[in-house]
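A.B. asks: The primary structure of each chain is shown beneath.
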Amino acid sequence: MKLSIRRAAARTAALFGALALAAGAAVAAPAGQPVKIGSTLALTGPLASTGIVHQIVGEIYVEQLNKKNGLLGRPVEWIVKDDQSKPDLARTLYEQLITVDKVDLLMGPYATGAILSAMGVAQRYNKILVHHTFGIPSLAKYDAQFPTWSLGPDPAATFPNTLFDALAAAGKAPKTVAIVTSKFPSVHFMSLGAREAVKKRGMQEVVFLEWEFGNRDFGAIAARVKDANPDFVWVGAIGLEGNQLLDAMKKIDYTPPLHFYMYPAPGPMAQAPEAKNALAATIFEEHPPYLNNPGAAEFVKLFNERAAKAGIPYTQVETQAAASYSAWQVLDAAVTATKSLDDKVLADWLRKNRVDTIQGKLRFDGPSNYGDDLMAVKQVQNGRWVTIWPKSVAAPGATLMTK
Amino acid sequence: MGLPSFSLLAQSVLSGVFLGALYGLLGLGLSLSWGLLRQINLAHFALAFLAAYLCYQLSAAGRIDPLLTLALIVPAFFALGVAMQWVFARFEITPFNSLLVTFGLTVIIEALIQSIWTADFRRLESGYGDAKFKLGFLYVPAPELLTLVLALALSFAIWAALRHTDVGKALRAAAEDGPIATAFGVNRQALALMLSGVCTALAGVAGVCIALSYTLAPAQMYGWIGVVFAAVMMGGLGRPLGPLFAGIVIGVSEAVTMTLTSPSWAPLVSFSLLILVLLVRPRKA
Numbered sequence: 001m002k003l004s005i006r007r008a009a010a011r012t013a014a015l016f017g018a019l020a021l022a023a024g025a026a027v028a029a030p031a032g033q034p035v036k037i038g039s040t041l042a043l044t045g046p047l048a049s050t051g052i053v054h055q056i057v058g059e060i061y062v063e064q065l066n067k068k069n070g071l072l073g074r075p076v077e078w079i080v081k082d083d084q085s086k087p088d089l090a091r092t093l094y095e096q097l098i099t100v101d102k103v104d105l106l107m108g109p110y111a112t113g114a115i116l117s118a119m120g121v122a123q124r125y126n127k128i129l130v131h132h133t134f135g136i137p138s139l140a141k142y143d144a145q146f147p148t149w150s151l152g153p154d155p156a157a158t159f160p161n162t163l164f165d166a167l168a169a170a171g172k173a174p175k176t177v178a179i180v181t182s183k184f185p186s187v188h189f190m191s192l193g194a195r196e197a198v199k200k201r202g203m204q205e206v207v208f209l210e211w212e213f214g215n216r217d218f219g220a221i222a223a224r225v226k227d228a229n230p231d232f233v234w235v236g237a238i239g240l241e242g243n244q245l246l247d248a249m250k251k252i253d254y255t256p257p258l259h260f261y262m263y264p265a266p267g268p269m270a271q272a273p274e275a276k277n278a279l280a281a282t283i284f285e286e287h288p289p290y291l292n293n294p295g296a297a298e299f300v301k302l303f304n305e306r307a308a309k310a311g312i313p314y315t316q317v318e319t320q321a322a323a324s325y326s327a328w329q330v331l332d333a334a335v336t337a338t339k340s341l342d343d344k345v346l347a348d349w350l351r352k353n354r355v356d357t358i359q360g361k362l363r364f365d366g367p368s369n370y371g372d373d374l375m376a377v378k379q380v381q382n383g384r385w386v387t388i389w390p391k392s393v394a395a396p397g398a399t400l401m402t403k
Numbered sequence: 001m002g003l004p005s006f007s008l009l010a011q012s013v014l015s016g017v018f019l020g021a022l023y024g025l026l027g028l029g030l031s032l033s034w035g036l037l038r039q040i041n042l043a044h045f046a047l048a049f050l051a052a053y054l055c056y057q058l059s060a061a062g063r064i065d066p067l068l069t070l071a072l073i074v075p076a077f078f079a080l081g082v083a084m085q086w087v088f089a090r091f092e093i094t095p096f097n098s099l100l101v102t103f104g105l106t107v108i109i110e111a112l113i114q115s116i117w118t119a120d121f122r123r124l125e126s127g128y129g130d131a132k133f134k135l136g137f138l139y140v141p142a143p144e145l146l147t148l149v150l151a152l153a154l155s156f157a158i159w160a161a162l163r164h165t166d167v168g169k170a171l172r173a174a175a176e177d178g179p180i181a182t183a184f185g186v187n188r189q190a191l192a193l194m195l196s197g198v199c200t201a202l203a204g205v206a207g208v209c210i211a212l213s214y215t216l217a218p219a220q221m222y223g224w225i226g227v228v229f230a231a232v233m234m235g236g237l238g239r240p241l242g243p244l245f246a247g248i249v250i251g252v253s254e255a256v257t258m259t260l261t262s263p264s265w266a267p268l269v270s271f272s273l274l275i276l277v278l279l280v281r282p283r284k285a
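Taken in sequence, the protein lines are chains F and P.
Each residue of the first sequence is one higher than the one before, starting from 1 at the first, in the working numbering.
Each residue of the second sequence is one higher than the one before, starting from 1 at the first, in the working numbering.
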């Protein structure tokens, strides 16, 4: 009996020891040569206001990785260079990242022009490129590029229909539409898609206007929209252009009955009183059901804190930050699943598998490696963006507001 | 498309006048430093944006009325302009080199603004932003009207000062022939310091007007360079009224172009007009 008690005690001690070792291994700091991931971001120049969002997201993700077990048990080192919002500089810096810094993996830069530059370099060196903010899917020709901004392969055809479905479902299908748009490439082609949708749905286009990106005076455009008196205004705006047009409309006492902005600066638009009920496109907002996606709630909390600390006026997670975080999730998932840093192995795996991200499940098996168009419609309601359509991602109880 | 309604056209012209006034106000200091000091001061735009951010900061954090910030910004920028001119004179910077040096200064000021206020958009919320009134069928926004009034007042005041005061005459004489002016007892160095101070203070005033009407981002300073340079060259270097009138011509032409044709044609207007002026009156610019 004594012997069996001793044996039992020894076994218990051994069991506890093994458990302790296992637990230690699970939280062990990653060791060995770091896995180097290289990218550029627009940290200065005209795109820097959004570039900083991607910088914060990358820092959060790399910290999260290193707090766990890194990648393949090795620590992760993120080398990020400032491309000054210049696509040509991004090209040079990606060359440097591959040939001088000898990075193991690449992460995409911010914005379509820079991503297109990075894609060319990645293709030359047969590296995979996961990227987060490429706006024109038809230009993504490289077979080892993987987009995480879930536009779908033909957003100009799909998204305007999502928007007009949202209006129709709320009983607000417009009869007359004004389409005014920046000639900035990633919004211009969407506006042309909206024109097609208007025609196909039998609505009347009462005015179509284009302006050059960088336009300062929106007074005449606002006056022409007011003069046309449409039921609905589609504004192909990027960044601050939406606010500038709203400012100009306010000055002539005009409030459009229903108004949509393609890619507005989220903070300034949500906070502008004249942007009440403005609509826009999104892939993520800070409310359920998005917050139920894996990692979303924790990321949102961290991002809110870091963005506030960085002095960013709008600290909420929306399309930019969500697409960025998804890109890191996709790269992480591919490396973890394949236990490899080999670009070809990773690319093959990504083409065949779906990845859980904070914006939903992403797939890369469609044209240009695009999957589903997950873009939804959001609206400024009481100074906050809330998703209103489709119902599967709408905030609980949220519907289109018109007053 | 059919012809626009009269009210649409009139509203657009008014909007062009207001924008043109801002072109003129921005161009005023630039024109004076180019014409009278022989300095092509690219940093003028960066200084205007620095003033806009200071106005934003003083109003948002310091709760000071945006117009009252002029009482701080104008003297501070005058002193800054004097200091800049002292450095330029000390190192005998030529007109061409002034272009390079002030471009460098622009980049430094942009980086400074970005490090303090970040690259994100900043909007000055003040009572002026929403203030407007109706004149017949025309809507008149208060901040833009204020810009027009300031541009007119400053342009005419400087024109009168240059034309009718001894200091003004001395400045024109020094620009015309420095050594002869010196021989007649004109203190060119002191005048240059004062003029540089005035030009930089004018950038400060333009900056406050920008803050009242526009959302701010550091890189936006570059968006004004082309059209304001066109206004300055069309208006004539060193002529206080020139940039204002040329600016209004450009602003109205842009607005009418936007109303009658596609708004995307508007950016071509300023340079087309400049080329036209150079062809018709080559010695004007």
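Don't read these hints as lab results, they were simulated from the structure.
Keep in mind that the hints are not guaranteed to be accurate.
[What the hints assert, rightly or not] Under the rule of at most 16 Å between Cα atoms (straight-line distance), these lysine to aspartate or glutamate pairs were calculated in the EDC-like manner:
#, chain 1, residue 1, chain 2, residue 2
1, F, 67, F, 253
2, P, 134, F, 253
3, F, 250, P, 130
A.B. asks: Tell me the hint numbers this structure goes against, listed in increasing order.
C.D. replies: Per hint list: single violation, 1.
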